[in-house]
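Asker: The residues making up each chain are set out below.
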Amino acid sequence: MNRSRAWRVSVVAGVALSAVILASVAGWAQESVAVRAALVKDNLPAEDPTAAAWSSAPVSEFPLSPQVHWAPRIQEVTVKSVKVRGLHDGQQVSILLEWADPSEDPDDAAALEFMVGDKKAHFAHGQPMGQVEGGPVNIWFWKNKDAKVLDMNAKGFGTLKAQDQQDVKGKGVYQNGTWKVIFTRSLSTPDAEDDAQIKPGDFINIAFAIWDGKRDASGDLKEKGSQKAVSSWWYFRAEPPPDYSGYLYAALAVGLAAGFQFVVIRKLKKGSSS
Amino acid sequence: MKGGVLLKGAILTVGIYLFLKLALPLFTAPLPASLIFIYLALTVTGIVIFATLSGQSTEAFFGPISRFLSGEGQTGAMKTARLLVLVLFPLLVGWQTYSSTAPSDQPPAENRTIHPAPPGEFVGLSNPIPNTPENVMAGKGLFAAFCSPCHGNFDGKGPAARGFSPPPANFVDPGTIAQLQESYVFWRIKNGGVGLPIEGMPWKSAMPRWEVELKDEQIWKIIMGEYDGAHQKPRTWE
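Protein sequences, first through last, are from chains A and B.
Numbers given in my numbering equal positions in the first sequence, counted from 1, plus 81.
Numbers given in my numbering equal positions in the second sequence, counted from 1, plus 82.
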């Protein structure tokens with residue numbers, strides 16, 4: 082009787098505990114605030130959006146809004162959210178965007194945006210801010226019909242310009258109503274004035290934009306220019322190599338504490354026996 | 083009487099901890115953990131000094147501790163307790179060391195000030211538009227056209243809200259426009275997110291700079307419609 086009751090209590094407690102853990106993990110997975118590019122030893126799938134390596138990369142999902150921040154605005158967009166994965170090998174970083182789009186169109190496009198340097202930049206093309214001196218943004222822009230990525234800069238509306246030095250490669254694959262587009266660049270570049278520098282371990286700001294290149298009945302593009310799906314700033318981090326020094330320090334501390342105990346108890350025993 | 087000083091000291095320390103942690107915040111802001119640590123360190127120091135004033139009280143204070151730790155003549159529960167302490171203490175020290183030296187893998191903490199101070203020229207302005215049903219109605223119409231894509235039905239849940247962080251303000255919430263004067267709301271609409279000072283993190287805000295597209299008169303009407311629609315009253319100087 083007693084035993085079966087104890088058993089039941091422990092089953093209930095176990096189920097409750099698992100539920101709490103599951104709920105907290107699920108809640109955490111829904112609330113992406115950062116893209117975490119995992120470190121891979123070799124075989125970075127730099128130009129293959131469908132490589133098997135991507136399935137093991139951690140995924141973050143970010144909601145997208147119709148761009149209503151500045152004119153010309155758009156009130157409704159096709160793409161409601163984007164899934165983002167990242168991998169790096171210590172030299173190059175690859176970022177994979179994945180989103181649902183019912184049709185493949187030549188003008189389908191996507192962009193990543195980063196702040197450059199230490200100065201904060203507004204997510205809307207680094208537009209000027211009233212009380213804060215802002216910096217430029219670095220934009221990596223992919224368009225289906227161009228089949229390449231443009232490495233660009235902006236510092237305010239109407240200033241978007243492709244760089245002379247193009248550092249970003251990319252490729253898009255459309256399958257079963259889903260776009261997978263990859264952007265690849267070296268973590269660091271010599272041009273720190275214009276390019277976002279990615280140092281493993283540091284969090285930098287990232288934003289996303291996606292255009293559905295579908296045309297309406299009169300042949301006009303539904304989404305173009307500032308009429309697109311956007312996010313504001315989130316975080317991006319290339320994961321640093323694993324750092325085991327914390328375990329080493331902890332083991333040292335355990336050893337010291339145990340040694341201290343040993344010495345104290347030996348002293349106490351000697352004292353009480355004398 | 084044996085162990086009395088030790089027991090009293092322990093009870094006093096726990097009592098002071100509970101007072102600092104639970105009772106004091108009823109009257110003032112919660113104390114930071116570092117301050118509580120300093121107070122407890124002072125308490126323990128005081129108790130040890132008091133307990134070691136004479137040889138007799140020193141023995142009464144340290145005797146039980148050293149008998150427990152040396153483990154002589156212990157049986158049953160006491161023996162297990164001693165073993166547990168001897169195992170847990172080094173582990174606790176190790177855990178503390180680990181958690182204080184392990185590098186953080188969390189994004190930087192953001193201390194965004196939600197309602198930072200407005201520039202001087204926006205302090206104390208009053209709404210020049212007469213509060214008539216027609217003007218309130220006109221304001222609500224402008225709100226529907228320009229603000230509702232993000233701010234929705236005054237609740238911050240418009241169809242364009244989802245991608246923006248920080249999320250658009252919910253005016254029904256008593257913590258937003260109900261806490262603000264009309265002149266403050268006028269500043270926030272006119273200069274938008276990019277008009278915020280650095281502590282407001284202007285680079286993240288999707289609030290448009292409406293002075294580019296709307297006349298002052300339209301902004302004042304929107305404010306009127308916004309308070310009416312959200313069932314809030316602007317804050318005034320009493």
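Just so you know, these hints were derived from the structure itself, not from any lab.
Note that the structure is a prediction, hence the values are computed from the model and not measured.
Accuracy of the hints is not assured; some may be wrong.
[To be verified] Restraint-style ranges between C-beta atoms, simulated for each label pair: (1) A152/A to Y99/B: 55 to 63 Å; (2) L207/B to T240/A: 45 to 53 Å; (3) Q261/B to S299/A: 30 to 38 Å; (4) K164/A to A111/B: 18 to 26 Å; (5) A111/B to P139/A: 43 to 51 Å; (6) G352/A to Q178/B: 25 to 33 Å; (7) F132/B to P139/A: 51 to 59 Å.
[What the hints assert, rightly or not] The following residues of chain B were derived to be distant from chain A, with all beta-carbon distances above 10 Å: (8) G97; (9) A111; (10) P112; (11) F119; (12) L168; (13) P190; (14) G238; (15) R244; (16) S247; (17) E264; (18) V276; (19) M289; (20) H313.
Heads up, the beta-carbon is just placed ideally off N, CA and C, and yes, glycines get one too.
Asker: Classify the label on M289/B as holds or violated, using whether its beta-carbon is more than 10 Å from each beta-carbon of chain A.
Answerer: Given a closest Cβ separation of 8 Å, the condition is violated.
Asker: For the hint 43 to 51 Å, verify it against the beta carbon of A111/B and that of P139/A.
Answerer: violated, 39 Å
Asker: Mind checking the hinted window 51 to 59 Å against the Cβ distance between F132/B and P139/A?
Answerer: holds, 56 Å
Asker: Would you check whether the claim that E264/B is not at the interface survives, using Cβ distances to chain A and the 10 Å cut-off?
Answerer: Nearest chain A Cβ is 20 Å from E264/B, so the label holds.
Asker: Is the claim that L168/B lies outside the interface with chain A correct, judged by CB distances over 10 Å?
Answerer: violated, 6 Å
Asker: In terms of Cβ atoms, is chain A entirely out of 10 Å range of V276/B?
Answerer: Since the minimum Cβ distance to chain A is about 4 Å, V276/B lies within 10 Å and the statement is violated.
Asker: Would you check whether the claim that R244/B is not at the interface survives, using Cβ distances to chain A and the 10 Å cut-off?
Answerer: violated, 4 Å
Asker: When you look at the beta carbon of G97/B, is every beta carbon of chain A farther off than 10 Å?
Answerer: holds, 28 Å
Asker: Go ahead and decide if the range 45 to 53 Å is satisfied by the Cβ distance of L207/B to T240/A.
Answerer: violated, 34 Å
Asker: Just checking, H313/B versus chain A, shortest CB gap more than 10 Å?
Answerer: holds, 25 Å
Asker: Is the claim that F119/B lies outside the interface with chain A correct, judged by CB distances over 10 Å?
Answerer: holds, 19 Å
Asker: Take a look at whether the Cβ-Cβ distance between A152/A and Y99/B falls inside 55 to 63 Å.
Answerer: Given a distance of about 59 Å, which is inside 55 to 63 Å, the answer is holds.
Checked against the numbered hints listed earlier, the structure breaks hints 2, 3, 4, 5, 12, 13, 15, 16, 18 and 19; every other hint is satisfied.
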